[in-house]
Amino acid sequence: MPDWEELVSRRLAQLALDERERQEVITELAGHLEETYEAYRQKGASHDEAIRCALLQVNNWDTLQQAIHIARTKENAMNARTSRLWVPSFVTLAASVITLVGFAFLGLKPGPFGSQAHNEIWWSHLIGGIASGPYMVNEYTVWLMSLPLIGAIGAGLSSRAGGALRDIVISGVFPALAWLTILFVVQSFAASLGRGLEAETAPVNVARLMILLVLIPGACLLLGVLVYHAAVKRWTKSAA
Amino acid sequence: MVGSGVKRGTAELAILSVLETGELHGYEIARRIEQQTHGKLRFTLASLYPLLYRMEKRGWVRGEWQNAESGRRRRCYRLTSAGKKKIVPLRAEWAELFRALRQLAKVADA
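Respectively, the protein sequence lines represent chains Z and F. Convert by adding 391 to the 1-based position in the first sequence; the result is the number in our numbering. Convert by adding 1116 to the 1-based position in the second sequence; the result is the number in our numbering.
Next up, chain Z with everything else stripped away, as it sits in the complex (with noise of 0.2 Å):
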């Protein structure tokens, strides 16, 4: 029997894969073309007959080499990991900071499209708002309440690239997961710093920060996912 390895290693000599992945593709061909082989022997075919038909499986080795090769390479430059869950992940906080600022500007009071006050800027706004005040309530309610959409999309985009379930929950709750790390950094940061900045980093406040950052736009991130997951869930079943 021919040395199927070797005879595939030298028509994919120049198959510009790192040599571990080259070695698994030229290992994979050449157990096809062996047991093509061996069928055609089982038939009765003669050892050369059986070689002859073996190769006929390529008709250009070149033009294999090529498509192999963009088949393997084709999503280096957004590999699967960016799509499924980096992009859909950083859509989803994009979008939730632009609406959480959007709305912020807007300065939304209890009727539509009030304005805000202009001497207040619109962070601080946001943030005593959301702390102490009624008058907030309204803005960063209209906010919790646009992101199921936003964290449906982030599952929808994830879910189209292939995701698996983890990487769609994670792309669809992604700006909560952000919130979190961006107060624990706040937190230690503050914490060396000191001075000026006791306020901010009493317990009280970070844990009141991280129900209205983190726990709360979770959950109505997380809703979204869910809703998102089970829409398609019941498509597909209505679709087979």
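If you're looking for bench data, these hints aren't it; they were derived computationally from the structure. What you were told as hints is all true, and nothing was included just to trick you.
With beta-carbon atoms standing in for the labels, derived distance ranges:
1) F/E1144 <-> Z/A404: 26 to 36 Å
2) F/E1144 <-> Z/T572: 44 to 54 Å
3) Z/Q414 <-> F/E1212: 36 to 46 Å
4) Z/V597 <-> F/T1137: 50 to 60 Å
5) Z/T473 <-> F/E1136: 21 to 31 Å
6) Z/T473 <-> F/L1213: 26 to 36 Å
7) Z/C444 <-> F/T1153: 16 to 26 Å
To list a few chain Z residues with every Cβ distance to chain F over 12 Å, as calculated:
8) S437
9) E440
10) L571
In the DSS-like style, the derived pairs of lysine-lysine whose C-alpha atoms are separated by at most 25 Å in a straight line are:
11) F/K1200 <-> Z/K624
12) Z/K624 <-> F/K1173
13) F/K1173 <-> F/K1201
14) Z/K624 <-> F/K1201
15) F/K1156 <-> Z/K434
Every residue, glycine too, gets a C-beta built ideally from N, C-alpha and C.
Using the hints, position chain F against chain Z.
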């Protein structure tokens, strides 16, 4: 015999369908497809592996090396959850296409 263009389009569905029954290595995938379609769909090594690798990149199938009883190392492919999800809409698309073609054929025959 079905033409090569249609074959290319149906190839992904064919591979996903045979893998629904369980994990298989490349040669066995090609053999099953040929057997189950009574020779109307045939995969050669050159047509099968680039497609399998692409499907693996997309996350529809996952290949793992296994040792066969004969001692030979084989890369066995199985459907991932993304592949299982993909198969349903793909089947629906092809069923719709074939329905449309049958209707066209009826109009032409009439």
